[in-house]
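Undergrad: Make the complex out of the two chains shown on their own, each in a separate frame, by following the hints.
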Amino acid sequence: ETGVTQSPTHLIKTRGQQVTLRCSSQSGHNTVSWYQQALGQGPQFIFQYYREEENGRGNFPPRFSGLQFPNYSSELNVNALELDDSALYLCASSPRTSGPPQETQYFGPGTRLLVL
Amino acid sequence: QQQVKQSPQSLIVQKGGISIINCAYENTAFDYFPWYQQFPGKGPALLIAIRPDVSEKKEGRFTISFNKSAKQFSLHIMDSQPGDSATYFCAASRAGAQKLVFGQGTRLTINP
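Residue numbers (the working numbering), protein chains in the order written: chain A, 1 to 116; chain B, 1001 to 1112.
Accuracy of the hints is not assured; some may be wrong.
[What the hints assert, rightly or not] Okay, the calculated bits of chain A under chain B, using three or more residues with CB under 8 Å as the criterion:
no.	segment
1	38-44
2	51-65
3	104-112
[To be verified] Residues from chain A shown here face chain B by an in silico Cβ test under 10 Å; the list is partial:
no.	residue
4	V4
5	Q6
6	T31
7	S33
8	Y35
9	F47
10	Q48
11	L88
12	L90
13	C91
14	A92
If you're looking for bench data, these hints aren't it; they were derived computationally from the structure.
Glycine is no exception: its CB is placed at the ideal position from the N, C-alpha and C atoms.
If we strip away everything but chain B, and leave its shape as in the complex, we get (with noise of 0.2 Å):
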């Protein structure tokens, strides 16, 4: 069963535009909504991460945004940049839960 569904798989964006990936959830137990990047390679790195208790957190040019009513959440990159271009990576976990459950990731690319 997939409990975290993203998309869109791949994404090209232009240099300086805003960067766009959304995540929805099944399961109203997450409560911890972590954002990954992670480049061929390598391991995923952690980005940023959301509890619902907010609606929106902000890291530099990464923002994160969190609908509870709808169980959706997206990763915002404002001034998209070429070193941006990875695989980015929702996940959400609850609560006692000891997995991270990932969705199946996005491919950016950012043009210069």
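If we strip away everything but chain A, and leave its shape as in the complex, we get (with noise of 0.2 Å):
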């Protein structure tokens, strides 16, 4: 069994530019999350997909944009890059229910982004 994977495993940006984050799901998964983790920080949950649809999303501007595709995998897209996007970003999925998302989530290893 597979589990989340992501890419690429580090990235380095300039100020203004946008990105682009992949995250694929761990078998049997349908629910993906993303996290931003700073230095010395915890997680903070930035927003969720479920069923292609966003699910919930945390205290971070619009800027910060996401997709889910038909296999459950998963983009996060970052515009206008500022200097404190400089973290480790995290996605997290959790497994199919017949009901609403579970809350386990199981996290892939991220994806390092350093915005200069």
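TA: Shown next, in the form of structure tokens:
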């Protein structure tokens, strides 16, 4: 069984640029959540995707957007990058259920983004 | 607003000792409390989780103790080993919500 995978592993961008991060959910999982983890901090919830629609959003501006595809993989897009966007971006997936998304979330290794 | 407070920030324990990390939460609607272990350069890995209907859950050397009235829960690592050296995060979520709310993390060092 393949776990959650993310690409790329590292990325360097300059302020004002745009970035796209990718996530493949674990087999049997249909819900994807994205988190931002600043250095020395706990992860902060950005948003969740379920059935290809945004299913909850944290306190992040609209320049953070995402997509979920029919195979349950997901993208995180960040426009107009700022220095404070430098962080580890984590994707987490949750197992498929017959009802609402399950709380249990399994994380990928993350993408480390550096904005110069 | 910090909804989950974790302590201590760092902890040093001798090999074979008991490591204890504490968390307190504010939102009484929280009903799912997981602990994650994170090694440098890796994503958080789910260790163990508990719901408020039980006061304790044990899995191997890891035990969660839960005190609903005090709105506190803790992770106990028995017979701590150098391989347990990592950062540990507590988290909480509520039914119907989509997000995990994380504590600030505890950097645990187990000395050989």
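Undergrad: Against each hint, give a clear statement of whether it holds in the structure.
TA: Hints, verified against the model:
1. Counting residues of the segment 38-44 of chain A whose CB falls under 8 Å from any CB of chain B gives 5; the rule of at least 3 is met.
2. Check result for the segment 51-65 of chain A against chain B: holds, 3 residues qualifying (beta carbon to beta carbon below 8 Å, three or more required).
3. Remark: the segment 104-112 of chain A is confirmed as covered by chain B, as 7 of its residues place a Cβ nearer than 8 Å to a Cβ of that chain, reaching the required three.
4. Residue-level restraint check for V4/A holds (minimum Cβ-Cβ distance to chain B is 8 Å; threshold 10 Å).
5. Because the beta carbon of Q6/A sits about 8 Å from the nearest beta carbon in chain B, less than 10 Å, this interface hint is met.
6. About 8 Å separates the beta-carbon of T31/A from the nearest beta-carbon of chain B, less than 10 Å, and the hint is met.
7. A distance limit of 10 Å between C-beta atoms decides the matter here; for S33/A the minimum to chain B is near 7 Å, and the interface restraint holds.
8. With 10 Å as the threshold, the beta carbon of Y35/A comes within range of chain B, its nearest partner Cβ sitting at about 8 Å, so the hint holds.
9. Satisfaction of the interface hint for F47/A is found here, the shortest Cβ-Cβ separation to chain B being roughly 8 Å, below the 10 Å cut-off.
10. Interface restraint check for Q48/A: the shortest CB-CB distance to chain B comes to about 4 Å, inside 10 Å, so the restraint holds.
11. About 8 Å separates the beta-carbon of L88/A from the nearest beta-carbon of chain B, less than 10 Å, and the hint is met.
12. Taking 10 Å as the C-beta cut-off, the interface hint given for L90/A holds, the closest approach to chain B being about 5 Å.
13. This hint holds: C91/A has a C-beta 8 Å from the nearest C-beta of chain B, less than the 10 Å allowed.
14. A hinted interface residue such as A92/A counts as satisfied when its beta carbon comes closer than 10 Å to some beta carbon of chain B; here the least separation is about 8 Å, so the hint holds.
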